[in-house]
Amino acid sequence: MFPLFRSAGVRFAAIYAGLLAVSAAALALYLWWSTAGLLDRQTEAAIRADAQGLSERLADGGLRALVATVADRLAGNVDDDAIYLLADPAFLRLSGNLDHWPAAVREVGTFYELPVTRAGMRSLARVQSYDLPGGYHLLIGRDVVVRAQLRQLLTDALLWALVIVGAMATVGALVVRGLFRRTLSNVSATAIAIAGGDLAQRVTLSGRGDEFDQLAEVINDMLDRIGRLMEGVRQVSNAIAHDLRTPIARARTRLEDASLHAGTTAELHAAIERATADLDGIVAVFQALLRIAEIEAGSRRAAFGRIDLAAPLAGVAEMYEAVAEERGATLTADLPDRLPAFGDAALIQQAVANLVDNAVKFSPDGGSVSLTAQASARGLEIVVTDGGPGIPKDERSKAPQRFYRGEAARHTPGSGLGLSLVQAVAQLHGGQLRLEDAAPGLRAVLALPATGETGVV
Amino acid sequence: MRILVVEDDKDVAGFVVRGLKEAGHTVEHADNGRDGLFMAVSEKFDAVVLDRMLPGGIDGIKILETLRSQQNITPVLILSALADVNERVKGLKAGGDDYLTKPFAFAELLARVEALARRGKTEGPATKLTVEDLEMDLLSRQVKRAGQKIDLQPREFRLLEYLMRHAGQVVTRTMLLEGVWDYHFDPQTNVIDVHVSRLRQKVDKPFPVPLIQTIRNAGYTLRAERV
Numbered sequence: 018m019f020p021l022f023r024s025a026g027v028r029f030a031a032i033y034a035g036l037l038a039v040s041a042a043a044l045a046l047y048l049w050w051s052t053a054g055l056l057d058r059q060t061e062a063a064i065r066a067d068a069q070g071l072s073e074r075l076a077d078g079g080l081r082a083l084v085a086t087v088a089d090r091l092a093g094n095v096d097d098d099a100i101y102l103l104a105d106p107a108f109l110r111l112s113g114n115l116d117h118w119p120a121a122v123r124e125v126g127t128f129y130e131l132p133v134t135r136a137g138m139r140s141l142a143r144v145q146s147y148d149l150p151g152g153y154h155l156l157i158g159r160d161v162v163v164r165a166q167l168r169q170l171l172t173d174a175l176l177w178a179l180v181i182v183g184a185m186a187t188v189g190a191l192v193v194r195g196l197f198r199r200t201l202s203n204v205s206a207t208a209i210a211i212a213g214g215d216l217a218q219r220v221t222l223s224g225r226g227d228e229f230d231q232l233a234e235v236i237n238d239m240l241d242r243i244g245r246l247m248e249g250v251r252q253v254s255n256a257i258a259h260d261l262r263t264p265i266a267r268a269r270t271r272l273e274d275a276s277l278h279a280g281t282t283a284e285l286h287a288a289i290e291r292a293t294a295d296l297d298g299i300v301a302v303f304q305a306l307l308r309i310a311e312i313e314a315g316s317r318r319a320a321f322g323r324i325d326l327a328a329p330l331a332g333v334a335e336m337y338e339a340v341a342e343e344r345g346a347t348l349t350a351d352l353p354d355r356l357p358a359f360g361d362a363a364l365i366q367q368a369v370a371n372l373v374d375n376a377v378k379f380s381p382d383g384g385s386v387s388l389t390a391q392a393s394a395r396g397l398e399i400v401v402t403d404g405g406p407g408i409p410k411d412e413r414s415k416a417p418q419r420f421y422r423g424e425a426a427r428h429t430p431g432s433g434l435g436l437s438l439v440q441a442v443a444q445l446h447g448g449q450l451r452l453e454d455a456a457p458g459l460r461a462v463l464a465l466p467a468t469g470e471t472g473v474v
Numbered sequence: 198m199r200i201l202v203v204e205d206d207k208d209v210a211g212f213v214v215r216g217l218k219e220a221g222h223t224v225e226h227a228d229n230g231r232d233g234l235f236m237a238v239s240e241k242f243d244a245v246v247l248d249r250m251l252p253g254g255i256d257g258i259k260i261l262e263t264l265r266s267q268q269n270i271t272p273v274l275i276l277s278a279l280a281d282v283n284e285r286v287k288g289l290k291a292g293g294d295d296y297l298t299k300p301f302a303f304a305e306l307l308a309r310v311e312a313l314a315r316r317g318k319t320e321g322p323a324t325k326l327t328v329e330d331l332e333m334d335l336l337s338r339q340v341k342r343a344g345q346k347i348d349l350q351p352r353e354f355r356l357l358e359y360l361m362r363h364a365g366q367v368v369t370r371t372m373l374l375e376g377v378w379d380y381h382f383d384p385q386t387n388v389i390d391v392h393v394s395r396l397r398q399k400v401d402k403p404f405p406v407p408l409i410q411t412i413r414n415a416g417y418t419l420r421a422e423r424v
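Residue numbers (the numbering used here), protein chains in the order written: chain A, 18 to 474; chain B, 198 to 424.
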């Protein structure tokens, strides 16, 4: 294929031009058929009618009557376009307005269009010959020189029209190609900019809301999502760089210190054990990170189904009641008998466990934590409230970020990943995590939509 | 017990083999899939510790599937660096009895292998569990110690049942989480310790000899303390 046709714009333009030309040609053909063709058919019909009439005369009155009728018809022919020639078996003229039998006319029943000389004038005629009894021949025709001129005129006009159509097709094709290129250049310029590293670029919308705008919107949505994922990856790698460096450095220091300074085997053992514990902590952080990444990737949606959360949530409450009690706090759970939802029960259970774990951890002595859940038409709301220090308003949006630890949480154990996981689970289910002020304390709401519809993470 | 370890990493394999031998087991080791499969099929073991990813063209899942297709029901513990849920499910579906993610604490591995090897030997469903003077009736769901009735919450009952079924063995916190609570994630707080300590209040505190022992860096075990 020509390299030119590798351009989709040229291809579309060629298709446009081709379609236009084909339809114009079809129109021209139809016009031709219904005008020039119609004239031809009228002529032929007239000749046939003549032939019919003359053959009746011949049957009634013999050759003589036929000669008389031909003379009559010629005399009565106002338009002076009728042509008759009666010839004997040797094709010699007996009667009629042609001087001699045209040499070209040999076959019976076929229309011929040929130049004739009639009364000294050259002209064009459409004729047909008939064989008569006794070996005589009859030629019936019509002078079609006027019609031929008309047909010529029509042909010229149509040819000119085709030339104009061709020109218009070319111009139209160029316009189509230009439009195509302009629309695409918008998208491709954006793509090039993004490939070059400028992730903030977006495809501009024409505002017409047409298919190209829809495409642009889809592409922009995709870019937004990629941007968010990239931002997430950047955050995680930063977090890993900063937050895991500390425990790794601590474990390393312990081991080096022990290998240099441990005086007794017992000291050495103790140092190694502490370093192992540090490393276990790092592994736990990695596992939490991987799990969040796994959830955010959305692959677990394949395992979604209709679930009842009543038992899993009751399990969480039961598990943490003892923990709360040991810390001098109380955990009360108010859960309905049935909590239908759509999703992954194990993940939601883990998310709620994280919320309750946090609440119990930050609860003051004698404080109370509550776990409630409500199903409504809009969806499911699981609420965990504590009487702890809460999260200041300006920190609330940052709290679910990976490794984020609020001021109040600096001195409690934790990885800073608990709320990240809750957020990831919420988004996987098309819901959201809301952190509100319980005055005092924190009110964490895990809202899940009622149906199976899941949002984009 | 006779245990087969199929693991290609020299350090991990050496560590596991040494540890299992120290715990009193007979250990065979294969460092590739082909030998591992051959040994697993041709010899009799009480348990197999199987790494998922092995050199030699035959990976752990393949070995497992071959074993199971030959009606070999030797308990298999899968060791893997692949932690995500799908991998775990894949391993268990292929016929694995337990799944442990690397890195792991040796105590965790030992406890799980011993639990698996023992499970293969239990004789039919019991209706009554007895450890020293502690008795559990699984039908009437009653617990008695030294003839004295002990009232337990449903979850405490299941926790004690799990400990009694594994009496004399070490059970780790993760095993309890999975076996009693069916949780496959690690709660940040040591919830298991809290629940075990509550159980102790009821089962051990009123009696002279404590049965629930804490094993440092490992978990718990149920047995009378030997002095």
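Misleading hints may appear alongside valid ones.
Pairwise CB distance ranges (calculated) [said to hold, decoys possible]:
(1) B:Phe-404 x A:Ser-414: 32 to 40 Å
(2) B:Asp-206 x A:Gly-431: 16 to 24 Å
(3) B:Asp-206 x A:Leu-307: 15 to 23 Å
Okay, the calculated bits of chain A under chain B, using three or more residues with CB under 8 Å as the criterion [said to hold, decoys possible]:
(4) 26-33
(5) 39-47
(6) 305-313
To give a feel for the contact side, a few chain A residues facing chain B, derived at Cβ under 7 Å [claimed, not checked]:
(7) Val-84
(8) Thr-86
(9) Ala-370
Keep in mind that the hints were calculated from the coordinates and are not lab data.
A virtual CB, placed ideally from N, CA and C, is assigned to each residue, including glycine.
Hinted contact Ala-370 of chain A with chain B - closest CB pair below 7 Å:
holds (6 Å)
Count residues of the region 26-33 of chain A with a Cβ under 8 Å from any Cβ of chain B, then say if the count reaches three.
Coverage by chain B is violated here, the residue count being 0 at a Cβ distance below 8 Å.
Verify the CB-CB distance for Asp-206 of chain B and Gly-431 of chain A against the hinted window 16 to 24 Å.
violated (32 Å)
Was the hint right that Thr-86 of chain A lines chain B, CB cutoff 7 Å?
violated (102 Å)
Identify whether the interface hint at Val-84 of chain A stands, where standing means a beta carbon of chain B within less than 7 Å of its own.
violated (106 Å)
Quick one: are Asp-206 of chain B and Leu-307 of chain A within 15 to 23 Å, going by C-beta?
holds (20 Å)
If I claimed the Cβ atoms of Phe-404 of chain B and Ser-414 of chain A lie 32 to 40 Å apart, would that claim hold in this structure?
Once the Cβ atoms are compared, 54 Å apart, the range 32 to 40 Å for Ser-414 of chain A and Phe-404 of chain B is violated.
Counting residues of the region 39-47 of chain A whose CB is closer than 8 Å to a CB in chain B, do you get three or more?
violated (count 0)
Taking 8 Å as the Cβ threshold, is the statement that the region 305-313 of chain A is covered by chain B upheld or broken by the three-residue rule?
Holds: 3 residues of the region 305-313 of chain A have a Cβ under 8 Å from chain B.
Hints 1, 2, 4, 5, 7 and 8, counting from the list given before, are not met by this structure.
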